[in-house]
Amino acid sequence: MKYEAVVIGGSAGGLDALEIILTALPADFPGAVATVIHISPDSDNYMIGYLDRRCRVTVKEAEDKEMIQPGRVYMAPPNYHLLINSDRSLMLSAEPRVNYSRPAVDPLFETAADAVGPRLIGVLLSGANQDGSRGLRRIQENGGLTIVQSPETTRAPQMVQAARAACSVDHVLSPEAIGTLINRLFG
Amino acid sequence: METDIQESRDIEIDLLLEAVFRKYGHDFRDYIRVHVKRRIDHRMRVSGCNHISEMQHRILYDRRFFETFLQDFSINVTELFRDPSFYLAVRREVAPVLKTHPHIKIWHAGCATGEEVYSMAILLREEGLSQKARIYATDYHPAVVQQARAGIYPIDMMKEYTGNYQKSGGRRSFADYYRADYDSVIFDRSLRDGVIFADHNLVTDGVFGDMHMIVCRNVLIYFNRNLQHRVIRLFIDSLLPGGFLCLGKKESLRFTGCDHLFETVSDSEKIFKKRLFDSGDRIRRDQ
Numbered sequence: 032m033k034y035e036a037v038v039i040g041g042s043a044g045g046l047d048a049l050e051i052i053l054t055a056l057p058a059d060f061p062g063a064v065a066t067v068i069h070i071s072p073d074s075d076n077y078m079i080g081y082l083d084r085r086c087r088v089t090v091k092e093a094e095d096k097e098m099i100q101p102g103r104v105y106m107a108p109p110n111y112h113l114l115i116n117s118d119r120s121l122m123l124s125a126e127p128r129v130n131y132s133r134p135a136v137d138p139l140f141e142t143a144a145d146a147v148g149p150r151l152i153g154v155l156l157s158g159a160n161q162d163g164s165r166g167l168r169r170i171q172e173n174g175g176l177t178i179v180q181s182p183e184t185t186r187a188p189q190m191v192q193a194a195r196a197a198c199s200v201d202h203v204l205s206p207e208a209i210g211t212l213i214n215r216l217f218g
Numbered sequence: 004m005e006t007d008i009q010e011s012r013d014i015e016i017d018l019l020l021e022a023v024f025r026k027y028g029h030d031f032r033d034y035i036r037v038h039v040k041r042r043i044d045h046r047m048r049v050s051g052c053n054h055i056s057e058m059q060h061r062i063l064y065d066r067r068f069f070e071t072f073l074q075d076f077s078i079n080v081t082e083l084f085r086d087p088s089f090y091l092a093v094r095r096e097v098a099p100v101l102k103t104h105p106h107i108k109i110w111h112a113g114c115a116t117g118e119e120v121y122s123m124a125i126l127l128r129e130e131g132l133s134q135k136a137r138i139y140a141t142d143y144h145p146a147v148v149q150q151a152r153a154g155i156y157p158i159d160m161m162k163e164y165t166g167n168y169q170k171s172g173g174r175r176s177f178a179d180y181y182r183a184d185y186d187s188v189i190f191d192r193s194l195r196d197g198v199i200f201a202d203h204n205l206v207t208d209g210v211f212g213d214m215h216m217i218v219c220r221n222v223l224i225y226f227n228r229n230l231q232h233r234v235i236r237l238f239i240d241s242l243l244p245g246g247f248l249c250l251g252k253k254e255s256l257r258f259t260g261c262d263h264l265f266e267t268v269s270d271s272e273k274i275f276k277k278r279l280f281d282s283g284d285r286i287r288r289d290q
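Taken in sequence, the protein lines are chains A and B. The numbering of the first sequence is the numbering used here, which starts it at 32 and goes up by one. The numbering of the second sequence is the numbering used here, which starts it at 4 and goes up by one.
Bear in mind the hints are in silico, worked out from the structure with no lab data behind them. There's no promise every hint is true.
[Stated by the list, open to error] Chain A residues, not near chain B, derived (Cβ > 10 angstroms throughout):
#1 Tyr34
#2 Ala43
#3 Gly102
#4 Asn110
#5 Ala125
#6 Ser132
#7 Pro182
#8 Arg195
#9 Arg215
[As the list claims (entries may be wrong)] Quick partial rundown of chain B residues pointing at chain A, CB under 8 angstroms, derived from the structure:
#10 Arg32
#11 His38
#12 Val39
#13 Val80
#14 Asn221
#15 Ile224
#16 Arg228
#17 Leu230
#18 Lys253
#19 Leu256
#20 Phe258
#21 Asp262
Computed from a prediction, not measured in an experiment: that's the story for all the values here. For every residue, glycine included, the Cβ atom is placed at its ideal position computed from N, Cα and C.
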C-alpha cells in the first residue's frame, strides 16, 4: 500500500467537513488518521464521542506516548499540540500557541511530514486563518499527497486559500469527494 | 526529505545533545526526539545558522548563545490556577488529608516562572495549612527560578487568572493577594514565607526526601519512556508512603511501568497516591 497515514486540519467549519470525511471510511480502514481542529481551551470531549458513534472507524482523543494504529482516528485535545514521532508514537505538547492556536495544525503536519514522508496524505479544511499552510507545504516537500477542501464548500475559505498560495496543492475537492479519494488511495 | 538526509540530521542532533551535556551538564538526550527537533529548528531559523553542526560550534564556544538555546528547551507556558478543576480537586481530596499531619512538605518540580507555586501557596493559606507547610519550588533553569522567586506577572493576565481562581474554589477577592504596579502585579511577599526556590534538574539531580506531595505538571510529556520511568522512580523515592503525586491533565503513569505503585485519587485531574506497602516492588528492587 502506498499510504500509511492521513493528517487532517481545520478551523471554523472544519468539524462539519471532518464528519463527512470520517463517516466515509470503512471499519477496516487500513490507515491511521490524526486530526487537529481548532477548539477552545475549555471545550469538553463531546465532539469525540459524537464522531465515534457516527463513524465506523474508532474516533478517540490522542493520548501522550500512544502508538498510532490503522483504523483509528486521533483527535488533538484542547490546549495541547499534537505531534507525531518517527517511531509512530504520538506526543502532546504544551508549547506556546502557534498561529494563535493550541492545538495548531502546523505542528502536526510538519512532524507527520518528517515522520511519515511520502506515505502521508495531508488534508486541510475550512477555516478563517492561515494555520496549516506551512505544514501542508512541508508534506509536499517530503513527497506526501496534499488535498484541500474546495473553497466554495467551506464556511471560511481563508485557510485553504493561504495553503494554495503556499504550495501547489494536488487536489481541491468537496468533503464528500475527499472521503471517496482517501478510500480509493487506501483501497 | 530523503531518508539519507534525515539520517545525517539525526546524527547531528545526537552530537549536539552530547556536546551540550558534556560542556554544560544539561542532559536532553532522553527528551522526545520530535520535540528536540522542533526546538532546534526554531533556534536555527531565528539565529540564521545553516546547519545543526554550525549551531553546535556556537553553543560550545559562546555561553550566551547556549543560554538562549537553554531557554528554548524550557517550556514556560503556565498560568495562575491553570486547570482550575485540578485545584478544586486538591482542596477537596488532598487538603483534608494534609490537615491530619503536624507539618507538610510539598515539592513543585519544574515550577517554571512560579505561577502554579503561588496558586498552591494561596490554596494552602485558605485551607489553613500555610503555617505548617513548606514548598520546595524547583526548575533546571536558574533564570526561570529567579523569575519565580520575584513573583511579578503581567497585569493584563489578571482577568483570566481571577476567573481561574474563582473556578478553583477560591473564596476571597483575588486582588487581596497582589498589588498592581504599572503593567505588572507583584504577589504578596508573605505568600513566599514557606517557599524555598532552588535549581534542580530532574534528569541529573537526586532525591528530595520525605515529601507529602509532589506537583509536576506538563513536564514528563517532553521525556521519552525511559526518562519518564527514571523520574517517576525519583518521585517514588522522594514521597512518603501515602504521599500524593500530581501530574498534568494529559499525562499518565500508564507507560512508566510504575502505575502499580500508586492508587488513583482523581483520574481526570491526574492525582495519585503512593501505596503504603508494595511487596512486589521491594522484591523487584532487590534483584
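To see whether the hints hold, each was checked on the structure:
With a closest Cβ-Cβ approach of about 17 angstroms to chain B, Tyr34(A) is found to remain outside the 10 angstroms limit, as its non-interface label requires. The claim that Ala43(A) lies off the interface holds: its Cβ sits roughly 23 angstroms from the closest Cβ of chain B, which is beyond the 10 angstroms cut-off. Consistency note on Gly102(A): stated as away from chain B, and its beta-carbon is indeed over 10 angstroms from all of that chain's, at 21 angstroms minimum. Distance check on Asn110(A): its Cβ comes as close as 8 angstroms (rounded) to a Cβ of chain B, failing to clear the 10 angstroms threshold; non-interface status is violated.
Residue placement check: Ala125(A) does not keep its beta carbon more than 10 angstroms from all beta carbons of chain B (closest about 5 angstroms). No Cβ of chain B approaches the Cβ of Ser132(A) within 10 angstroms, the least distance being about 13 angstroms, so the stated non-interface status holds. For Pro182(A), the requirement that its beta carbon stay farther than 10 angstroms from each beta carbon of chain B is met, with the minimum near 30 angstroms. At roughly 23 angstroms from the closest C-beta of chain B, the C-beta of Arg195(A) stays outside 10 angstroms, upholding its exclusion from the interface.
Even its closest Cβ contact with chain B, about 27 angstroms, leaves Arg215(A) beyond 10 angstroms, as expected for a residue assigned away from the interface. With a least beta-carbon distance of about 15 angstroms to chain A, the hint placing Arg32(B) at the interface is violated under the 8 angstroms criterion. Below 8 angstroms, beta-carbon pairs count as interface contacts, and His38(B) has one with chain A at about 6 angstroms; its hint therefore holds. Interface hint at Val39(B): violated, since its Cβ lies 11 angstroms from the closest Cβ of chain A, which is beyond the 8 angstroms cut-off.
At its closest, the beta carbon of Val80(B) sits 5 angstroms from a beta carbon of chain A; the interface hint therefore holds under the 8 angstroms criterion. Of the supplied interface hints, the one on Asn221(B) holds, with its beta-carbon coming within about 5 angstroms of a beta-carbon of chain A, less than 8 angstroms. Look at Ile224(B): its Cβ gets to within about 5 angstroms of chain A, closer than 8 angstroms, so that hint holds up. A cut of 8 angstroms between beta carbons decides the hint on Arg228(B): the least distance to chain A is about 7 angstroms, and the hint holds.
Interface hint status for Leu230(B): violated, as the beta-carbon distance to the closest one in chain A is roughly 12 angstroms, over 8 angstroms. Evaluation of the Lys253(B) hint against chain A yields a held restraint, the C-beta minimum of about 5 angstroms falling below 8 angstroms. With 8 angstroms as the threshold, the beta carbon of Leu256(B) stays out of range of chain A, its nearest partner Cβ sitting at about 11 angstroms, so the hint is violated. For Phe258(B), the shortest C-beta to C-beta distance to chain A is roughly 5 angstroms, which falls under 8 angstroms, so the interface hint holds.
The closest approach between the C-beta of Asp262(B) and any C-beta of chain A is roughly 13 angstroms, which is over the 8 angstroms cut-off, so the hint fails.
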